[in-house]
Amino acid sequence: MSTAKHSNHAHHITPLSTLFGTFCILVFLMTATVVSSYIQITPLVNNAINLGIAVAKASFVVRIFMGYKYTSSLAKLFALAGFVWLMLMTITFGDYFTRKWEYTPGWYKTDTNGAPMESEVSQSPLSKAVSVPDYNKNELEH
Amino acid sequence: MAAHAAQGHGHDERVFHQYEDYDQQTDSYVVGMWCFVVQEIMFFGALFLVYTLYRWMYQDDFYEAHKVLNVPLGAINTTVLLTSSFSMAVAVHFAQLKKKGPQLAALGFTTICAFAFLVIKGFEWAEKFKDHHVMGPSFHWTGAGSPAHAQMFFSLYFGMTGLHAFHVIIGILVIGALMYMTVKDYPQVSDYIPTEMIGLYWHFVDIVWIFLFPLFYLLPK
Amino acid sequence: MSIAAIKDSDTSHVEQRKNYLNASSTISSWLLTGDHKRIAFLYLLSISFFFAIGAVAIGLVRLELTSPMGQLLGSETYNKMFSAHGIVMVFFFLVPSIPATLGNFLIPLQIGARDLAFPRLNLLSWYIYILAGVLLLTAFFMGGVDTGWTFYTPFSSLYSKTQVTMVIVAVFFAGFSSIFTGLNFIVTIHKMRAPGMTWDRLPLFVWSMYATSLIMILGTPVVAITLLLVVFERVFSIGVFSPELGGDPVLFQHMFWFYSHPAVYIMVLPGMGVISDLMACFSQKRVFGYHFVAYSSLAIAALGFIVWGHHMFVASESMYQGIVFSLASFLVAIPSAIKVFNWTATMYKGNIKLQTPMLYALGFIGLFVIGGLTGLYLACIATDLHLTGTYFVVAHFHYVMVGGTLSAFLGGIHFWWPKMFGRMYPEFWGKIAAIITFVGFNLTFMPQFIVGFLGMPRRYHYYYFAPEYAPYHILSSAGASVLAVGLIMPLVYLTWSLKYGEPAGKNPFHAVGLEWTTQSPPITSNFDTIPVVTWEAYEYTDADEAEDIQGGIEMAEEMGLEK
Numbered sequence: 000m001s002t003a004k005h006s007n008h009a010h011h012i013t014p015l016s017t018l019f020g021t022f023c024i025l026v027f028l029m030t031a032t033v034v035s036s037y038i039q040i041t042p043l044v045n046n047a048i049n050l051g052i053a054v055a056k057a058s059f060v061v062r063i064f065m066g067y068k069y070t071s072s073l074a075k076l077f078a079l080a081g082f083v084w085l086m087l088m089t090i091t092f093g094d095y096f097t098r099k100w101e102y103t104p105g106w107y108k109t110d111t112n113g114a115p116m117e118s119e120v121s122q123s124p125l126s127k128a129v130s131v132p133d134y135n136k137n138e139l140e141h
Numbered sequence: 131m132a133a134h135a136a137q138g139h140g141h142d143e144r145v146f147h148q149y150e151d152y153d154q155q156t157d158s159y160v161v162g163m164w165c166f167v168v169q170e171i172m173f174f175g176a177l178f179l180v181y182t183l184y185r186w187m188y189q190d191d192f193y194e195a196h197k198v199l200n201v202p203l204g205a206i207n208t209t210v211l212l213t214s215s216f217s218m219a220v221a222v223h224f225a226q227l228k229k230k231g232p233q234l235a236a237l238g239f240t241t242i243c244a245f246a247f248l249v250i251k252g253f254e255w256a257e258k259f260k261d262h263h264v265m266g267p268s269f270h271w272t273g274a275g276s277p278a279h280a281q282m283f284f285s286l287y288f289g290m291t292g293l294h295a296f297h298v299i300i301g302i303l304v305i306g307a308l309m310y311m312t313v314k315d316y317p318q319v320s321d322y323i324p325t326e327m328i329g330l331y332w333h334f335v336d337i338v339w340i341f342l343f344p345l346f347y348l349l350p351k
Numbered sequence: 006m007s008i009a010a011i012k013d014s015d016t017s018h019v020e021q022r023k024n025y026l027n028a029s030s031t032i033s034s035w036l037l038t039g040d041h042k043r044i045a046f047l048y049l050l051s052i053s054f055f056f057a058i059g060a061v062a063i064g065l066v067r068l069e070l071t072s073p074m075g076q077l078l079g080s081e082t083y084n085k086m087f088s089a090h091g092i093v094m095v096f097f098f099l100v101p102s103i104p105a106t107l108g109n110f111l112i113p114l115q116i117g118a119r120d121l122a123f124p125r126l127n128l129l130s131w132y133i134y135i136l137a138g139v140l141l142l143t144a145f146f147m148g149g150v151d152t153g154w155t156f157y158t159p160f161s162s163l164y165s166k167t168q169v170t171m172v173i174v175a176v177f178f179a180g181f182s183s184i185f186t187g188l189n190f191i192v193t194i195h196k197m198r199a200p201g202m203t204w205d206r207l208p209l210f211v212w213s214m215y216a217t218s219l220i221m222i223l224g225t226p227v228v229a230i231t232l233l234l235v236v237f238e239r240v241f242s243i244g245v246f247s248p249e250l251g252g253d254p255v256l257f258q259h260m261f262w263f264y265s266h267p268a269v270y271i272m273v274l275p276g277m278g279v280i281s282d283l284m285a286c287f288s289q290k291r292v293f294g295y296h297f298v299a300y301s302s303l304a305i306a307a308l309g310f311i312v313w314g315h316h317m318f319v320a321s322e323s324m325y326q327g328i329v330f331s332l333a334s335f336l337v338a339i340p341s342a343i344k345v346f347n348w349t350a351t352m353y354k355g356n357i358k359l360q361t362p363m364l365y366a367l368g369f370i371g372l373f374v375i376g377g378l379t380g381l382y383l384a385c386i387a388t389d390l391h392l393t394g395t396y397f398v399v400a401h402f403h404y405v406m407v408g409g410t411l412s413a414f415l416g417g418i419h420f421w422w423p424k425m426f427g428r429m430y431p432e433f434w435g436k437i438a439a440i441i442t443f444v445g446f447n448l449t450f451m452p453q454f455i456v457g458f459l460g461m462p463r464r465y466h467y468y469y470f471a472p473e474y475a476p477y478h479i480l481s482s483a484g485a486s487v488l489a490v491g492l493i494m495p496l497v498y499l500t501w502s503l504k505y506g507e508p509a510g511k512n513p514f515h516a517v518g519l520e521w522t523t524q525s526p527p528i529t530s531n532f533d534t535i536p537v538v539t540w541e542a543y544e545y546t547d548a549d550e551a552e553d554i555q556g557g558i559e560m561a562e563e564m565g566l567e568k
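Chains as they are written, first to last, in the working numbering: chain X, 0 to 141; chain U, 131 to 351; chain L, 6 to 568.
Keep in mind that the hints were calculated from the coordinates and are not lab data.
Predicted, not measured: the structure shown is a model, and the values here were computed from it.
Note that CB positions come from ideal geometry on N, CA and C, so glycine has one too.
Be aware that one or more of the hints could be misleading.
[As the list claims (entries may be wrong)] Below are the EDC-like pairs computed for lysine to aspartate or glutamate, each with C-alpha atoms no more than 20 Å apart in a straight line:
1) Lys436(L) x Glu544(L)
2) Lys75(X) x Asp153(U)
3) Lys230(U) x Asp315(U)
4) Lys197(U) x Asp153(U)
5) Lys436(L) x Glu541(L)
6) Lys314(U) x Glu194(U)
7) Lys68(X) x Asp153(U)
8) Lys75(X) x Glu194(U)
9) Lys258(U) x Glu194(U)
[As the list claims (entries may be wrong)] Here are some chain L residues pointing at chain U (derived, C-beta under 7 Å):
10) Leu188
11) His195
12) Lys196
13) Val236
14) Arg239
15) Ser242
16) Ile243
17) Pro248
18) Pro254
19) Ile328
Take the sequences, apply the hints, and build the full model.
Written as structure tokens, this is what we have:
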């Protein structure tokens, strides 16, 4: 309550013209994203366009329709927290990106001798430093 | 704040006993609803994470699989949802102006759009069922690319759009309840806050679809 | 209001007024109540019930392990028993324990509010919890579940023939109950504080509940969706974690631990909050480094979210990513240590009274330190390779969860019992029980550290391959029975005290804090008028005492007693 000193946030009424304008922009962006998908440039560029437009649309909805622009700073903080926290989950990708840097027995496709296939390992920038055990040799010694 | 406290407690009929005044109540609702939206972001966010990971792993197979999705229907559905979001915002606008008639009309239009969305979705899904593109034992893939990964694509497609559709259904129920209460002049909905809160939820549902649409329908090669 | 005034007014009130317990007595007035204090009581009953179920399950497990041959339970039953223990204790006892009982009861009282922001949501969360509990019990009666509390795929999604679906749905609902509780607390702490109750004046219990609530709303949805995907995999053959479709079962572990590691902090942070309040009261001193303790709660909550990978060091997680997670895990030790040092410093030169809650609090510190430090062994990849999946891990997290959370919970229950019910618990039996619990606990889990280090894997129902482990297991099982005595005692004497306990008065422990300024038990609307707070948190030393202490120190210095 002590923080709630002045919270007449509510009484901002978004005019209909703004709402309609936003709606038109949203439909335009939607059309743009569909059209862009028929023009294949490179996957990277197309993905960037798709996601960029999606983010733009979402931010219009959040700012105008959801009234983020006019809400209390506390509500803003929470809304942001959701997106920021979501980013923490992407740490997961670190695992998948670096998994093949190190050879793990039994985890990859192997050839008939049990050695890892060429395509499965050595993708690491550190691959020179990481030695893959020579399975063929071990097989013979046993 | 002392001034507020002195005004006392229970003077305003709209204020529940635990609050000191109307502003405090309104503020609490707004923060509470945003917290709920944050919770929903994490809920769907985890699914988007799964999607991103598998898309990264199996981009080519996903590209092949996505070809069977109906882009025009998807685009129409996006428009329908955007329209419903717009009319929801209009409903909030009229609720703030205390114009009950237009508010109800806008809410009604929002529900109609929501139904339309579900119907179109239903047609899309029916098509997938017919073509054996639903994951599970009956899954049959004739297109290019790995059938297993295509099945993964459709698992994600049905999982994510299904959960989204579930949220749309909840939205219809909640908006319906709001309309009923507004028509019957319930004191709880005598101001615009309930409409705005339900609006927040509905816009969130819209945002989820805004991301689902390009991620499933518009994959680049 | 000065502290002296609070103390003096102790006896001046005649307590004939209606309080929240006897304000109305129909069943529906309890089951449809919006009163946070009544809901706290409902929660207290329900979590005690689930605790008993979890305890019975683990009792059978401990009995089984007294013999290397595994003669009591079949392997299937054994799996179901430890799974039942884990699921019930984690999702139905530890997560809701302190937040839903003490948190529910105390947050509005401590911040000077009439109720939580959303009383009906609060009641709804209790009903969801009960719905979840009923589902869980139904699943147990229909044959139980054998996946362990972690529901690892692909076993849970493809192979297990037990009631996994129903149990997961139950856990899903319990999760939403906890999300709603967290949401309610966040809004309450932000918006319902009494005039003058700034963030700097909040009791540390409220701070830690705030941190806990953040984890609840940011983490719980993730585990909810993850478990839902497992259900979908079983019911609709969705293949997200299925290796057949190119899915990665380890992804489940990533997503599961994204919540379930922070969930450990959901369990222990409220305990830390309780301990802060107890330390201040029973040392009659302001908590040393108040701000550090407060912010370290938030730091734990935030850091807790980036360490989940340390559960998967040997689960094919990339070594490079493992290093990152290992480092982050070490970092969590910092805010935890800040808390421990500050509690210890709080006692320094305090006027320490060894009453029951303080005994639990002291026990907490010791056990939490052991639990925390052994955590570092497990956060270190090299030692974790040896220790992972052994009883060392089991002992570690029991030291944190049982030694930490359960001690704090019991300490807190004793401390606020007079406030909750207006009656004192019997001090003598309280102390005995606290000591028995401490001894029993160490007897149970200390041997598990050793046997785990020697190589006993967890979740095995026999160990005929290594009969030399038997003495440790027997010690542990014997300790469990001592622990059981220590836990049954409070149940008995606290129930007894409801009727026969000494009337407590407003403030039996001479504690400060808004909750002690109302009558015990409080009236339904908590305060007659909402207080205006003009004093700092934990203002224990009043001017006279401070002068006395200062005078004493000077005199001592003059006499050369102190350096």
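Consistency of the hints with the structure:
Proposed proximity of Lys436(L) and Glu544(L) is contradicted: the alpha carbons are some 27 Å apart, above 20 Å. Distance restraint check for Lys75(X) and Asp153(U): the Cα-Cα separation of roughly 18 Å lies within the 20 Å cut-off, and the hinted pair is therefore satisfied. Between Lys230(U) and Asp315(U), the direct Cα distance comes to roughly 10 Å. Compliance with the 20 Å bound is thereby established for this hinted pair. This hinted pair does not check out: Lys197(U) and Asp153(U) have alpha carbons roughly 52 Å apart, beyond 20 Å.
Taken as a hint, the Lys436(L) and Glu541(L) pair is broken in the structure, with Cα atoms around 31 Å apart against an allowance of 20 Å. Annotation: proposed proximity of Lys314(U) to Glu194(U) is violated, straight-line Cα distance about 52 Å (limit 20 Å). Restraint check for Lys68(X) and Asp153(U): satisfied, since their Cα atoms lie roughly 19 Å apart, inside the 20 Å limit. With a C-alpha separation of about 40 Å, the suggested pairing of Lys75(X) with Glu194(U) is violated against the 20 Å cut-off.
With a C-alpha separation of about 15 Å, the suggested pair Lys258(U) and Glu194(U) falls inside the 20 Å cut-off, and the hint holds. This hint holds: Leu188(L) has a C-beta 5 Å from the nearest C-beta of chain U, less than the 7 Å allowed. The interface hint given for His195(L) is met, as the beta carbon of that residue sits about 6 Å from the closest beta carbon of chain U, less than 7 Å. The restraint placing Lys196(L) at the interface with chain U holds, with a minimum CB-CB distance near 4 Å, inside the 7 Å limit.
Because the beta carbon of Val236(L) sits about 11 Å from the nearest beta carbon in chain U, more than 7 Å, this interface hint is broken. Violation of the interface hint for Arg239(L) is found here, the shortest Cβ-Cβ separation to chain U being roughly 12 Å, above the 7 Å cut-off. Taking 7 Å as the C-beta contact cut-off toward chain U, the hint placing Ser242(L) at the interface holds, the least distance being around 4 Å. At a threshold of 7 Å, the smallest CB-CB gap from Ile243(L) to chain U is about 4 Å, leaving the interface hint in force.
Annotation: Pro248(L) was flagged as interfacial toward chain U, and the flag is violated, the nearest CB pair being 10 Å apart, outside 7 Å. Taken as an interface hint, Pro254(L) does not check out: its beta carbon lies about 13 Å from the nearest beta carbon of chain U, beyond 7 Å. Interface restraint check: Ile328(L) against chain U, minimum CB-CB distance 21 Å, threshold 7 Å, status violated.
The earlier numbered hints that this structure contradicts are 1, 4, 5, 6, 8, 13, 14, 17, 18, 19.
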